[in-house]
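Asks: Okay, here's what each chain looks like letter by letter:
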Amino acid sequence: MTSTTTPAPAGAAAAAADAGPSRRRRRLETATPVLMVLPSILAIGVFVYGFIAWTGWVSVSNWTTFVRDLSFNGFGAYTRLFGDFRFLSGLRNVVVFTVLFVGVCLVVGLVLAMIIDRDPFGAPVWRNLFLFPVALSFVVTGVVWQWLLNPRAGVNLLLNRFGWEDLPLWYVSTTIVPGWRWGQIDVVVPVALIAVVIAAAWQMSGFAMAIYLAGLQGIPDELREAARMDGASEIAVYRRVLLPMLRPMTITIIIVLGHISLKTFDLIYVMTGPGTGYVTDVPAVYMYETTFRGNQFARGAAISLLLLGLVALLMVPALWARRRTEEALG
Amino acid sequence: MRRWTRALAVLGAGALTLTACGGGEEDPLGAMEEEAGGAQDEGAAAEDAEAPELDQDDVEIFSWWTGAGEEAGLLALIDMFEQQTDYTVVNSAVAGGAGTDARAVLASRMQAGDPPSSFQIHASRALLDTWVAAGAMEPITFLWDEEGWRDVFPESIVEQVTGDDGEIYSVPVNVHRSNVVFANAAVLEENGVELPTTHEEFVQAAQTLQEAGVTPLALGDNETWTLVHTWEGVLLASAGPELYRDLFAGEADWTSPEVIESFEHLDEMFQYINDDHAARNWQDASQLVADGEAAMTIMGDWAAGYFATDLELQPETDFVWAPTPGTDGMFITVIDTFGLPEGGPNRDGTVEWLRLLGSVEGQDTFNPLKGSIPARTDADISQYNEYGQQTYEEFQSDELLPSLAHNSAAPPNFTDEALQVLEIFMSQRDPQQAADALQQAADDYLRS
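Which chain is which? The protein sequence lines are A and B, in order. Per this note's numbering, numbering of the first sequence is gapless, rising by one per residue and ending at 429. Per this note's numbering, numbering of the second sequence is gapless, rising by one per residue and ending at 436.
Fair warning: there could be bad hints in the mix.
[Unchecked claim] Okay, the calculated bits of chain A under chain B, using three or more residues with CB under 8 angstroms as the criterion:
#, region
1, 163 to 173
2, 244 to 251
3, 364 to 375
[Stated by the list, open to error] Just a sample of chain A residues kept apart from chain B, beta carbon distances all over 10 angstroms, derived:
#, residue
4, Arg323
5, Ile354
6, His358
None of these hints come from the bench; they were simulated from the model. Just so you know, even glycine gets a beta-carbon here, dropped at the ideal spot from N, CA and C.
Using the sequences provided together with the hints, build the complete structure.
Replies: In structure tokens, the structure reads:
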């Protein structure tokens, strides 16, 4: 990804050796790639960075009613958010959700990949079976799991049949464990989020499995055999040889699932909504409701930018780590 | 037979439009409408080209009426409209509780310059602070004058659809009452409890019921608006009509003892609710009352429609009702209206649609099915059930007030804050904190 810039000078030297008519060709050669990329640079400039700047402007404006008002108001929208019960709850929820969701996907994905890598009976069937949920929309997942984990239906009926008395409330629980008071809100883990994590992990574990499986199958058999020849136990082969080689896969999964999770909207919106006392609210849902239901565009824009910052906070170190491992691996 | 002729007319119109591209002098679209007999103004017809999926005789009606009674009412209206005129209605209803999703869809369509012919919107602030303020609505004062509606709609309702410029912007179709407590008649009788008329009576009744093993109050706050809905009745009981109005006008103090008291009362009432309230919506909560598992529920009178139409319960024998404790003689209105967006397809047809909505027969067709009462004072109430008849009487004699939960009392930004305040109150139960938060929102968003 990073070390393939050498051919260009060679090509330039060859072109320099020719004189006259080829100068125009040379100019064309240098200009073509720029021309080819230009439209997308322009498009990204306008539609990504341009609109980020626009959102930034809206967030410091007076636009809090339906009618647009772009006069400057200062950073009140931001300072207000950090004293806002709903926003702080949402921030807590999205961080907890991301850690749990990505963690579960990594573990489940790795275990599934290791099992399938050993080529059990019907391996291709299993692989596809685990991968299928990835193809679903989060909306579908949300609706299905909303029914399954409804406290008066679905899984609870089954548990009841098995004699379970104290049935879990799933996503309508308002408990937060361990329930420490931190400023206005309670921390750390709202129990209701666990239901959402189950649904999300059910959908995306297959993705983690696919990435890990590709990684495992890309490791040459010679390495495993060499380790075994050196007397390593089967566990040691995994711990000392295979797992370290899967590090880039882990980082890829964290980046992909992490940013999906931080921006999550559809699953929450469909499955639980913000929840009683905002136990399942996330910034994206808050942004949507406050902007399009409450017409508080300035606040919505501020939430969007903070969310962008949050995703950047995850992406930048992860990309950095990935670059370092790739360099280390050559 | 009618569908046949209509299909032919549409085909013909298409053919005419094609030939018109050659540059004929006459306006074939206008001619078509004239033939159809419903047109008055040819100029607007040219704009039909803006909405490609519509034929020129189509009137696109946008609403969130997809539930049982309300959909039946809307379809009956559409049927009536199509029989009386030569227009066809395209029913663009967007499902979703209390119209949250529909409003978002509407906003994106309006901003994309693709308005429907007419859309459902609650009266007062929801209408005036959004689309009217944005200059997206055409005044329909002319229609009010033509039909003489100013004389037959109550003044306080006309006010709710009149902009600052004195122009009228929509037609009220129905009136719902927000401050009603419904109860299961048998459950009350078994436990020797009467419908409470004050907060103290409510607490007493609730204690009796709880001791008898019945959930006293059913609540479904899966959607937060039900919390604001319950609270607005309690607030009105504590504050009285005058302070209630002043609060929303930004002229009174939200941290006043009356507001604090309303939250204290709400807190007391919420000690008697069902455990699984967070998993239920308002229908599920009403169901608890219908099944006799709970005694009472505070809900708008669409619940009466749900009891009578969907669950086939008899008013007065199966279910009984009263104003929310402490609000006798006061009537919080929830009014659906339809307006005329600028640049919407088929302006002429839309005006005819609005004319039907405001008429006695239109209102008497729609409202018995929807379970609401007509907004006019001269409707034929014999078609309504006992609930409707009594409500209609009280509508004419009671003091009418706008609803916060249903976007009439305050602009959307304040209403959104109130939703948050109530949601937080639900977990914190701190009356002072709630009042302070509302005062902050009032400073920011209510005009004084």
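Asks: Against which earlier hints does the structure fall short, listed by number upward?
Replies: Failing hints: none at all.
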